[in-house]
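Student: Based on the provided sequences and hints, a complete structural model is requested.
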Amino acid sequence: MEESGLVEGRAKLLVYAAVGIAVVGLLFGVLLRDIDPLAVTVIGLQVGAVYSLVGLGLALVYKATKVLNFAQGELGTVPAFIFFLTLTGWDRFGDASDPTTGALILGTVLAILSGAVMAVLINVLIIQRLADASPVTALVATAGTAFALVASELIIFEASARKFPRYVGGVPCFESNAEGACINAFSLGGINVPWHTFIVIGVLAATAIALAIFFRTPPGIALLATAQDPFAAELQGVSVRAMSMLAWGTAGALGAIGGLLGAGVFESLEPGQTTSTFLIPAFTGAVLGGLNSMPGAVVGGLLLGVVVAFANQIVLEFGWGIPGPPQVATFAVLLLVLMFRPRGLLGKEA
Amino acid sequence: MPVLETQGVSIRFGGLQALGDVSFRVDELEIVGLIGPNGAGKTTFFNCITGFYRPDTGLVRYRGEDITGLRPDQRTHLGLGRTFQTVGLVRSFTVLENLIVAQHQKINYGLAAGILGAPWSIAEEKVLRERAFEILEYMELIDHAHSPLGGLSYGMLKQVETAAVLATDPDVLMLDEPLAGLAPEEAEAFGDRLLEMRRDLSLTIVIIEHHVPFMLRVCDFLYVLNFGQLLAEGKPDDIRGNRDVAEAYMGEGASALG
Amino acid sequence: MAVMERIDTDRTTPGFEPEDDPRIPWRPSLPGIVARLIVLGGVIGLLLAIPYLMPEVLVNIASKAAVFAIVALSMNLLMGYTGQVSLGHAAFLGFGAFGSAYLISQSDVPWIGGIIGGTLIGGLAALPLGAIALRVQGLYLALVTIAFGFLAQETVFKVRSVTGGGAGAQAPRPSFASGDIAYVYVCLVVLFLVWALDWRLTASRAGRAIQALRDDERVAASWGINVTGYKLLAFTLSGAIAGLAGGLFAGIEQIVSPQDFQFGLSVTFVLMTVVGGLGSRPGVVTGGILFATLPTLFEQAHAAWSWWPFGILWEPLIAALLLIVTLIFFPGGIAQQNEHLYRWLSFRRFHEHKSSAVAGGAAGGGEGARP
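Chains as they are written, first to last, in my numbering: chain A, 1 to 350; chain B, 1001 to 1258; chain C, 2001 to 2371.
Worth flagging that the hints you see were computed from the coordinates, not collected in a lab.
Honestly, I wouldn't trust all of these hints.
Stated by the list, open to error - Over the 12 Å line for every Cβ pair with chain C, so calculated as not near, a few chain B residues:
(1) Glu1097
(2) Leu1179
(3) Glu1186
(4) Asp1192
(5) Lys1235
(6) Asn1242
Claimed, not checked - To spell it out: a stretch of chain A is covered by chain C in this simulated footprint if at least three of its residues, at any positions, have a beta carbon under 8 Å from a beta carbon of chain C; those stretches are:
(7) 123–133
(8) 280–291
(9) 327–334
As the list claims (entries may be wrong) - Where chain B lies over chain C, by a calculated footprint (3+ residues, C-beta under 8 Å):
(10) 2185–2191
(11) 2200–2207
(12) 2218–2227
Just so it is clear, CB atoms sit at the ideal spot from N, CA and C, and this is done for glycine as well.
Tutor: Put into structure tokens, the structure is as follows:
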């Protein structure tokens, strides 16, 4: 049945008006209540960058295999745990703070490898066997996989939260006073932006560029071609299964990066963390940007991060007592996108 | 008054004008055919008539009443039945169960009565079953009443689909490519069947088909669509000799069909 | 509109022997009926006796099993019959639980009123999701249900004034069944009622219409079924039944808090419905009972037998693996494996080559039985 969105005609106008009023009201509140938009944006970008990294993995898997991978979060948490173990010398309950540079590098490499390997295993053992079933079945299978992974983490590491190091701690210091304390004249909107924020955003940019380059190389082109038309690709001699594994492996690596940096945002790691904290916003960001668009995942994730940060701040300032503002904002964005522009900001009509 | 008519129906998808100003009419007990090359917009037109698409401009009228704004299920209530190119059936039900579901709108008991098992609902369920068997008998499908759809041949599935549409008690039967996948003998038999059904059940029939000789034999009146426009209309003899139609089907230089 | 009257039933009617006539519904012989009644009686008798056979401290598990079975029927309605996916169903359980808890403890409503209130609230909560499902389908709808679950858990259930925030809400039991064993029977009675309702639903017009939506909505519409109406009905009924289960659920421990309704619980619900067998009443109920009791079974086995290595923490992992194995190798779940047995117990032929929506639409090889 031909429809272009959830509401039409007069109802659409009404909703536009309501949203418009809400936005104006919020802007008013922002200016009136002394919320510093720059500071909030910077906070939002840090979290948003993690959303984007996780979202890139989601978009890649969806584009290549038409599956919503609900295990993408745990493809971040498990590598984060492996990273953790590398730092503590394989002591499950050890201390990972203050690691050596060598340990950091080794841990990162192992984490990314483990993410990629796990993803490929999931693809080969589960997803490819469900190739003839509906995509919803595959989604349920990935949800089950995520569930299994979280359960495994709980068995091995128990439910406690551990301290998790950032790659570079602290705040960049551009000016010190006589006693050696940091008195940044340079600060963004009155807050000192930690190194970690720059690193997350920087890694996102680097990853996005790396992916863009990858998709111009022969394997990358083959992957995109297979995603568009698997039958034609097969005729050209490209193995659809191999491309599927490649897509998932890359997504696993992306997931690992997202998991590591995400744990760094909160400086803590506990079982199931990436799924419970980052996965739904990552999905929403990817939908916002367009599920089959990689740039869309980046843009959508960052945008959502900023929206969520503003939501948090506004609820705080106004003292509204709405629990869980991020969830409310995320759900609202998800619904709005699916109602008004299901293909997302940068997505192409399916 | 024509049973079914459209006036100036147009619809556009994105940049493509799928239908442009198509007007047609069907009179009581007529068999009207809609022919045209692939992609001409025939199924799109059916979808506009049956309510699955909303035309950008134009009207659809049923017995004089404007039904352009009605949902498909509302049009079925008025007596419009249709088949689908992809054989429209409930795949997980048996033949009999399909025929019972298809009688949905004839059922008079409500939600609560059904759930609580009110005596009149039980009685009505018996009637539904009997009616389903009657139709199966008429269509000579009774041996397969309890068969799941999975084991049936394509031709048989199409017959089940027709039976199911009959179960909705239509006045107008709209068939979308009923001959697809049928062997020549089956197509012949189907043509005879169609004429029988019109006579036995007082049906008005509209058919989309590619099989031009079949259409020339069976239909009382033909409409030819090409690129979403009405290319020609007329009795089969007129269409047979129509040069434009022949060219549309068989390319330049053709002078007549079949 | 008179096709029916005009069909000439005096045409050659093929002559059938009484046993072969497809018009006559098959009935088992007298010994067959007796045998079925004995087995059914035994099963029901066992179920009724279980609370007394269990160690006292574990009796609440039986209530939980009954509640999960009710949720399984609710999931089956939505996923099995209507073909919609629900990965946030714990939300409806929560709406019912908090709703009834609020009514009973804060508003002095008698227990039965609270339960009915919880049921209504569950149904109401499902309505917006149903409305969304009218335009959003497939994967996107799955995503929305997941987000809905998180929203309910993190926001709606933490509104302090209604749900007591993180501390939880009190949910007392009815005065006539305040003991653990008595409460089990209350839950079993409700389970029986919901089963009967589901049975009647599938045997009637609305149930068939809902199931027709699963396979092809356009066909359903062309047969006069109001797709919008029945979709909303399916969601509302499913939410209401889950809400009812929620009201009972709250009374098990007599306190509910937002943490009880996490995403993991929604996954468990999908798990038990799929492993039990989508579309099959006995299948999903078996799945519900199994997964409600599995954690305790693991715990008890680990404590009692030294050779059993799997403690309670292993249960979710093994459960998830069961789900994945089921999806890949046994799409029809437990129901498909026990298809013949279930059919026999429903007073039908043991070996009938029949695909019935009631006994499980899985006879076609599992195509229709996956979510």
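Student: Give a verdict on every hint.
Tutor: Do the hints match the structure? See the list:
1. Separation of Glu1097(B) from chain C is inadequate, the least Cβ-Cβ distance of about 7 Å not exceeding the 12 Å criterion.
2. Against chain C, the non-interface label of Leu1179(B) holds: every CB pair exceeds 12 Å, the least being about 20 Å.
3. Residue placement check: Glu1186(B) keeps its beta carbon more than 12 Å from all beta carbons of chain C (closest about 21 Å).
4. Residue placement check: Asp1192(B) keeps its beta carbon more than 12 Å from all beta carbons of chain C (closest about 15 Å).
5. The claim that Lys1235(B) is not at the interface with chain C holds, since no C-beta of that chain comes within 12 Å of its own (minimum 28 Å).
6. The beta carbon of Asn1242(B) sits about 33 Å from the closest Cβ of chain C, which is more than 12 Å, so the claim that it is off the interface holds.
7. Judged by the Cβ-Cβ criterion of 8 Å, the segment 123–133 of chain A is covered by chain C as claimed, because 4 of its residues qualify and three suffice.
8. Judged by the Cβ-Cβ criterion of 8 Å, the segment 280–291 of chain A is covered by chain C as claimed, because 4 of its residues qualify and three suffice.
9. Beta-carbon proximity to chain C at under 8 Å applies to 5 residues in the segment 327–334 of chain A; the threshold of 3 is reached and the given coverage holds.
10. With 0 residues bearing a CB less than 8 Å from a CB of chain B, the segment 2185–2191 of chain C misses the requirement of three and the coverage assertion fails.
11. Three residues within the 8 Å Cβ limit are the bar, and the segment 2200–2207 of chain C against chain B gives 7, so the coverage statement holds.
12. For a cut-off of 8 Å, the count of residues in the segment 2218–2227 of chain C with a CB near a CB of chain B stands at 10, and the three-residue condition holds.
Going down the numbered hints, you'll see the structure goes against 1 and 10, while the others check out.
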